[in-house]
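*Asks:* The lines below spell out each chain.
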Amino acid sequence: MKRSNKPIFWSLFGAGGTLAALVGPMLVLITGVLVPLGLLLPADTMSFERMRAFAQNGFGKATIFVVITLLLFHGFHRLYHCLHDFGVHVGPGLKAAFHGCAIAGTAATVFLLARIA
Amino acid sequence: MDATRTYVRPMRGWWRHNPYYRAYIVREMSALFVALYALVLLTGLFRLSQGRAAYDGWRAGLATPWAVAFHVIAFAFIAYHAWTWFAVMPKTLPFVRVGGRRVDDRTIITAGAVAAVCAELVLFALVWWTRP
Chain A
31 MKRSNKPIFW SLFGAGGTLA ALVGPMLVLI TGVLVPLGLL LPADTMSFER MRAFAQNGFG
91 KATIFVVITL LLFHGFHRLY HCLHDFGVHV GPGLKAAFHG CAIAGTAATV FLLARIA
Chain B
303 MDATRTYVRP MRGWWRHNPY YRAYIVREMS ALFVALYALV LLTGLFRLSQ GRAAYDGWRA
363 GLATPWAVAF HVIAFAFIAY HAWTWFAVMP KTLPFVRVGG RRVDDRTIIT AGAVAAVCAE
423 LVLFALVWWT RP
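Protein chains in written order, with my numbering: chain A, 31 to 147; chain B, 303 to 434.
Next comes chain A alone, as it looks inside the complex (with noise of 0.2 Å):
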């Protein structure tokens, strides 16, 4: 029998999601409300060269991708699965797509990361 990918595809869904839900609304608020309006952190807080050196230094690096990959494969997969419920039949065809933007995604940040040398 050939091996389902299933536990693979799950195993980012959870991970992903217990992300998101340990420190993604904390996450979303800082980046997108309270830094860009200067609000409790200046918005300085996410300056070009702060935001370079965090993505030049391996701590930093291993966080971005971390937080932008498994945020990606949480949200592709429930979407995926989501189809169903709006009566859209699935196969491996929306499959691949859906979970390849997860993959390319995770393509692309690693390309970044190491453009950002």
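Incorrect hints may have been included.
Claimed, not checked - One-sided and incomplete, this derived list gives chain B residues near chain A with beta-carbon spacing under 7 Å:
{"#": "1", "residue": "TYR309"}
{"#": "2", "residue": "MET313"}
{"#": "3", "residue": "ILE375"}
{"#": "4", "residue": "ALA384"}
No wet-lab data here; the hints were simulated from the structure. Backbone N, C-alpha and C define an ideal beta-carbon position, used for all residues, glycine too.
With chain A held as given, fit chain B onto it using these hints.
*Replies:* Using the frame of chain A, we list chain B on its own:
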């Protein structure tokens, strides 16, 4: 003779008729905001790799009312996701046993919610202490 026509129950708007289904769809739709937020961050990383002018353009975009409104809505959906994630944890985790007894569902939910609140506060504290 006519071909047999069976009744197919329409799917349209099925989730709007029942509060439980509505909550389910809102929970599942949180994934849309999780994915979009990840794409916002990925775009930021891309602009960062292009240099200062590109990155500052991305930051200016984040400060527009539309972007802030999007993040406020995303915050609400992802916070709801967080709550539901821990609310189903007694079902998604294997049985947790302490001293031979199964840990109560309520204890698991509370532990998850407390862990999340602590993680959010630690994240904010880290950013606060290292702020410029």
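*Asks:* All hints, please: hold or fail.
*Replies:* Each hint, compared with the structure:
{"no.": "1", "hint": "TYR309", "in the structure": "violated (16 Å)"}
{"no.": "2", "hint": "MET313", "in the structure": "holds (4 Å)"}
{"no.": "3", "hint": "ILE375", "in the structure": "violated (10 Å)"}
{"no.": "4", "hint": "ALA384", "in the structure": "holds (4 Å)"}
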